[in-house]
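Here the protein sequences come in this chain order: A and B.
For the first sequence, position 45 matches number 351 in the numbering used here, and the numbering has no gaps at all.
For the second sequence, position 130 matches number 436 in the numbering used here, and the numbering has no gaps at all.
Don't take each hint at face value.
Pairs count within a copy or across copies, as identical chains cannot be separated in the list.
As the list claims (entries may be wrong) - DSSO-like cross-link-like pairs, simulated, lysine-lysine; straight-line CA separation at most 27 Å: (1) K357 / K611; (2) K564 / K357; (3) K513 / K586; (4) K370 / K604; (5) K370 / K580; (6) K357 / K604; (7) K513 / K397; (8) K580 / K357; (9) K612 / K470; (10) K612 / K565; (11) K564 / K485; (12) K586 / K415; (13) K392 / K370; (14) K604 / K390.
Hints in this document: simulated from the structure, not taken from any laboratory.
Protein chains: 2
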Amino acid sequence: ICTDSAVYADGPARPTGGAAAVAMLIGPDAPIAFESKLRGSHMAHVYDFYKPNLASEYPVVDGKLSQTCYLMALDSCYKTLCNKYKKLEGKQFSISDADYFVFHSPYNKLVHKSFARLLFNDFVNNASSIDEAAKEKFAPFASLTGDESYASRDLEKVAQQVAKPFYDTKVQPATLIPKQVGNMYTASLYAAFASLLHNKNSSLDGKRVMMFSYGSDSTATMFSLRLREGQQPFSLSNIATVMNVQRSLSQGMSCLQKKFVDLMQLMEHRYGGKDFVTSKDCSLLAPGTYYLTEVDSKYRRFYSKKESENGKLANGH
Amino acid sequence: ICTDSAVYADGPARPTGGAAAVAMLIGPDAPIAFESKLRGSHMAHVYDFYKPNLASEYPVVDGKLSQTCYLMALDSCYKTLCNKYKKLEGKQFSISDADYFVFHSPYNKLVHKSFARLLFNDFVNNASSIDEAAKEKFAPFASLTGDESYASRDLEKVAQQVAKPFYDTKVQPATLIPKQVGNMYTASLYAAFASLLHNKNSSLDGKRVMMFSYGSDSTATMFSLRLREGQQPFSLSNIATVMNVQRSLSQGMSCLQKKFVDLMQLMEHRYGGKDFVTSKDCSLLAPGTYYLTEVDSKYRRFYSKKESENGKLANGH
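Okay, chain A solo, but in the shape it has when bound (with noise of 0.2 Å):
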């Protein structure tokens, strides 16, 4: 179980907020299995997003900065898994050679860009998936540095009209959640790869999936996983049904922004703080879920949890 949660300051960033959970069941004869040995991870120390206030829970964010991190990363993920499975295979790997790409979805517009980008280094590893239309499309930016590449506009344009055709078939049906629910952080790629599953289950049998993880400050890994329908309980059909990732959405509630002020008003004066008691309105909570109810004058913390519907904890189905 991974999960995380980011809120920022009263600014911009604020509604890039967000905070989601990813719950993965690892085992033997997996439907869904890591092509171990096609994966490219990329790290550097930067300062795009960093939490250096402790008294606070509201990071420091770069969000040009962190964007450009962003895409080095990928690129730099690209080049060594193109470099591996050129080892492996004795051919240029190119886009051609997944069936889908899911990103860390922070925002669908960098989903847009980076797919898009994926596309421009084809161009540059001369791959089969760039036809000579596209050849030529892209033949003004080819003697770019890799710091203009980033900047310039119109190659972003461009690479996206390029990508446009394989961005509908090979991205697009990982985009659902995210783009229905905004930054989920940690959970974001997972989210991104349920859509795939709920969007298309049934013909996902023997499947590549190329995913893109990213987190800020900065560490990110490409790797690919491989599909096929398996077994029951855990056929893909199955995983799809159970997550019910329809009835999740329909489920969401909103907020108005003024109570959302004032709920991040009361977390900033409690974060880190002392001696206060919770509010014991826990109507939102799902059944089963501890919760803070009190901080004591030595910091100490005390939790209830929530009755469970029926004396059960609820699974989610």
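Mind docking chain B on chain A? Use the hints.
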């Protein structure tokens, strides 16, 4: 490599602060080997030592509670270990079944108390280490509850009396460094063990050493090591020679209390702070050490490295 540091707010706990590191080389055919079946662990959720104030480096500590937690963890680990021994060997374990006992050593008085506590456990277990004279001494405490036994000064006194001859042979050789250096936190147990290697290196072949590791808030393990002299360069004698404990202890430096207090105040001011440069004086640092030079207005941290002697990294000998 394991390390931490602990500093305390002005007050009675301040002298118990400390910092140390231990580096362990792990490999096959080691002269120091785990007896991995002989191990007992204990965990508890307790507020004996914790750092709830994120804006401060200082912990909140309850010294009396922490000592009781330590002794409870010791009892619990010893009990588990004795049970495992009984299953494996078909007989009751006692302190007679190990040659040395090495403890996490915040201060030597607690090491005395702890070893004495093991003797009391042996009495309760009717173990072979307890002769008739010792049985008579412990008899008045036979019916104490656990809590009463932790609180009883009389029991503590009697237990230390019974333990005295065993302490001198089985514990004292593993107390030199913690006694000289003070609380070493994460490295404490291993500094105590290094003392044993230093004192007894040539006579440790075939010996069993019981190690008790404790961390507040609270996690503890008692585990058994079996030693053999081993082959160069990883023989116990050579390890003792290379460590050169005597030389390291002789290189200790004293610091006037006022200077220490001034440094603590500077650290309080800078902890989590920004927009400062550090003193350029690195005369006290070992050659090759990285050190902080600046934290800028965005909290970004910059480091430098002290020149090595002869352009080579010192490696301790």
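- If the cutoff is 27 Å on CA atoms, where do K392 and K370 land: within, between, both or neither? Let me know, please. neither (33 Å within a copy, 64 Å between copies)
- Query: Between copies, within a copy, both or neither: which fits K513 and K397 at Cα up to 27 Å?
  - Reply: Within one copy, since 19 Å is at most 27 Å while 59 Å is not.
- Have a look at K580 and K357 and pick one of within, between, both or neither, based on CA distance no larger than 27 Å. both (21 Å within a copy, 13 Å between copies)
- 27 Å Cα threshold - placement of K611 relative to K357: Close across copies (25 Å), not inside one copy (30 Å); limit 27 Å.
- Within a copy, between copies, both or neither: where do K564 and K485 come within 27 Å Cα-Cα? within (23 Å within a copy, 59 Å between copies)
- Item | Within, between, both or neither: K370, K580 at alpha-carbon 27 Å | between (36 Å within a copy, 22 Å between copies)
- How would you label the pair K513, K586 (within, between, both, or neither) given a Cα cut-off of 27 Å? Intra 49 Å, inter 59 Å, cutoff 27 Å: neither.
- Query: How do K612 and K470 come out at 27 Å by Cα distance, when the copy is not named: within, between, both, or neither?
  - Reply: For K612 and K470, neither the intra-copy (48 Å) nor the inter-copy (53 Å) Cα distance is at most 27 Å.
- Task: Can you give me the call for K370 and K604, within, between, both or neither, at a CA distance of at most 27 Å?
- Result: Close across copies (15 Å), not inside one copy (41 Å); limit 27 Å.
- Taking 27 Å as the upper bound on the Cα-Cα distance, should K586 and K415 be classified as within, between, both, or neither? Close neither inside one copy (40 Å) nor across copies (47 Å); limit 27 Å.
- Message: My question is about K604 and K390: at a cut-off of 27 Å on alpha-carbon distance, are they close within one copy, between copies, both, or neither?
- Response: neither (54 Å within a copy, 38 Å between copies)
- Query: What label fits K612 with K565 when the C-alpha limit is 27 Å: within, between, both, or neither?
  - Reply: within (23 Å within a copy, 53 Å between copies)
Comparing the model with each earlier hint shows violations of hints 3, 9, 12, 13, 14; every other hint is respected.
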